Every structure is written in C-alpha cells, then in structure tokens.
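**Student:** Sequence:
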Amino acid sequence: MHLKIVAVFFSLIFRSTFAYAGSLSFNFYEQSCPLVEHVVRTSLRSISLTDPTTPAAILRLLFHDCQVQACDGSILLDPESDTFQSEMASGKNFGIRKRETINLIKTEVEVVCPQQVSCADILVLAAREAIAMSGGPMINVPLGRRDSSTSPNFRQADASLPAANIGLDDTLQLFAKKGMTVGESVAILGAHTLGVTHCFNIESRLYKPEVDKIDPQFEIFLKMNCPFGSFTSNTSFIVNDPTTLSFDNQYFVNSLNGHGVLRIDAEMPLDPRTAPFIQTFAYDQEVFFQAFSSAFVKLSSSNVLTGNQGVIRTNCNRLY
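According to mature numbering (1 follows the signal peptide of the UniProt record, and there is no 0), the stretch in the sequence shown is residues -19 to -1, 1 to 301, in order.
Hints listed in this document are in silico derivations from the structure and should not be mistaken for laboratory results.
Watch out, some of these pointers could steer you wrong.
Capping the alpha-carbon separation at 30 Å, the derived lysine-lysine pairs in DSS-like fashion look like this [to be verified]:
no.: 1; residue 1: LYS73; residue 2: LYS158
no.: 2; residue 1: LYS189; residue 2: LYS204
no.: 3; residue 1: LYS73; residue 2: LYS194
no.: 4; residue 1: LYS73; residue 2: LYS204
None of the values given here were measured: they were computed from a predicted structure.
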C-alpha cells in the first residue's frame, strides 16, 4: 500500500479514546515480582509440550473471563456449594479447558512471590505467551489487575458471553464497549486462527439455512465433519483453519475465500464496514499482528479491578 494510504488505514484501526484502567502499568511487578513473566512463560511452555492445544485453550479462557465482569479471574472459580453454580455452568462456556493450568502456574509464582500476583494477571500473561509461542506477536501488556472477590453465577455468564451465532452488528457493539475501533474488532476475532470450533456451535448455520448463506461446497465439507446429531460431544469439532496450531492470518484468508466456520466469519467479508480490514489482514500478516496487539490490550484492560478493589487469591479456584 502507498504510505499515505497505510497511515490512513492505521488511524482507522487505532483511533479511540481508550485509556488504561486505574493503576495498570507496564512495570507493575518490577519491584514486587520481577520474575513473574519468566515464571509464566517457562511454566506454560512446559505444559504445552505435552499438549500442543494448550495455547488455544488458554486464549479462549481469557476471552471468556474478560467478557463476564472483566479480566478478573472469575472464570477460574469452582462452585462454592451444591446450590451455587459458577459461571462455568453456562452453556456458553461449553468446551472451556485448562482452568487448572492457571492454578498450576499460580502455584509456581507463589513460590517466588507469595501473595503478590493476581490470578487475573497470570491469565493475561499466559494468554500473551500462548499467542507468542504459537508464532504470533509478543504483546506488551499493562499489569496490576486484582481478582474478583465475588463469584458470578451462570446466569450472568449467559447474559454476558456472545452467542456462537452472533451477527456483525452485535459483535461490533460488543467490542466497542471495550474501546475498540472497527478495525480492532475485526482483528481480535483473528484469535480464531488458533484452535477449533465445536459442532455444537455451528448447528444453526448448518441445519437452519435461513440463518445465513454458506458456500455450497463448504457447506458439504462442514456437514461431513459435523453430521446432524453430533453436537453434544466435546470431541466433535472442526478446525478453524488449516494451521490450527499456528497464530497467523490464515483465518482472514479463509474468511475472504468464503470458508469462515462461524456466522460472523462469513458476514465480515461482505459488509463494507469490515471488508477492507478482512482483505488487508489476509494480505498483510504484520498489519494484523499490530491491530490484534492493540485490541488485546484494550480487551484485557477494560473495567478491571485495580488498587484496593478485589483481592489477590492464593488459590485461583477459590475466593479465599
């Protein structure tokens, strides 16, 4: 692209009035826990050696945590009693994995820096490392989040988490509340380049054809991988793109070619608000990486608990 066009494009991606919440800073643990990033990185890499799907699971875990109250580690909480169901009981958290991984990393951090680092920050750092170890950008994230001192229930998660068949208008509104521009909203969906989509989440696309149109050949491919009646199994899924373990721009290439798995993947290349970003990210991975990095910081910093708010949990799965 011509340099002037590039400058205009970047202004469309990043223009906003976003400011970091409370007392988040890039050197928050410089004195209290200078080794925290190293501990998170080495711990996650060790865990991922035995399960290469770990980065995708951690990234999805972060997204679901940030959408309910904020990035406050609430998704890590176990039910407090038989009568109280945590947010993990929400059907929209179907397929969420690796919650125990964050608690394992927290245990390692506690050895080095007892009661200094929140589970919320550990989850953000783990997601940042998951992206980088999969070939994506190394994102500089501000830290200083505190953990929630209350446990949201599954009804709050049901109301806050987006549906699998969410459309474009609702998606843009959802991310605008996090301070994102249209370009950043498109970029953050590029997280789908890692991992899989469970057949459960594309049932309406495949077997309720009035929802949205699918390329006929691609529809046959999806139905072969997700035959009717396979939607309850956690093992019934389809890869989001051919490089499912790599963080790259293949998601946008697929979307541009009419091979988007989810409804939102199919709508974005067809809408004039989002089509230019899909095209640019598909052709220029570095531009995607820069836009995604900006969006990731905004998502993980929106409405978080800081200062004297919340708590720092010793065990990520329990309030106290």
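**Student:** Confirm or reject each hint.
**Tutor:** Verification of the hints:
A threshold of 30 Å between alpha carbons decides the hint, and for LYS73 with LYS158 the separation of about 20 Å falls inside it, so the pair holds. The straight-line distance between the Cα atoms of LYS189 and LYS204 is roughly 12 Å, inside the 30 Å bound, and the hint therefore holds. Our distance criterion of 30 Å between C-alpha atoms is met by LYS73 and LYS194, whose separation comes to about 24 Å. For the given pair, LYS73 sits about 22 Å from LYS204 by alpha-carbon distance, which is consistent with the 30 Å threshold.
Hint violations for this structure: none, all hints satisfied.
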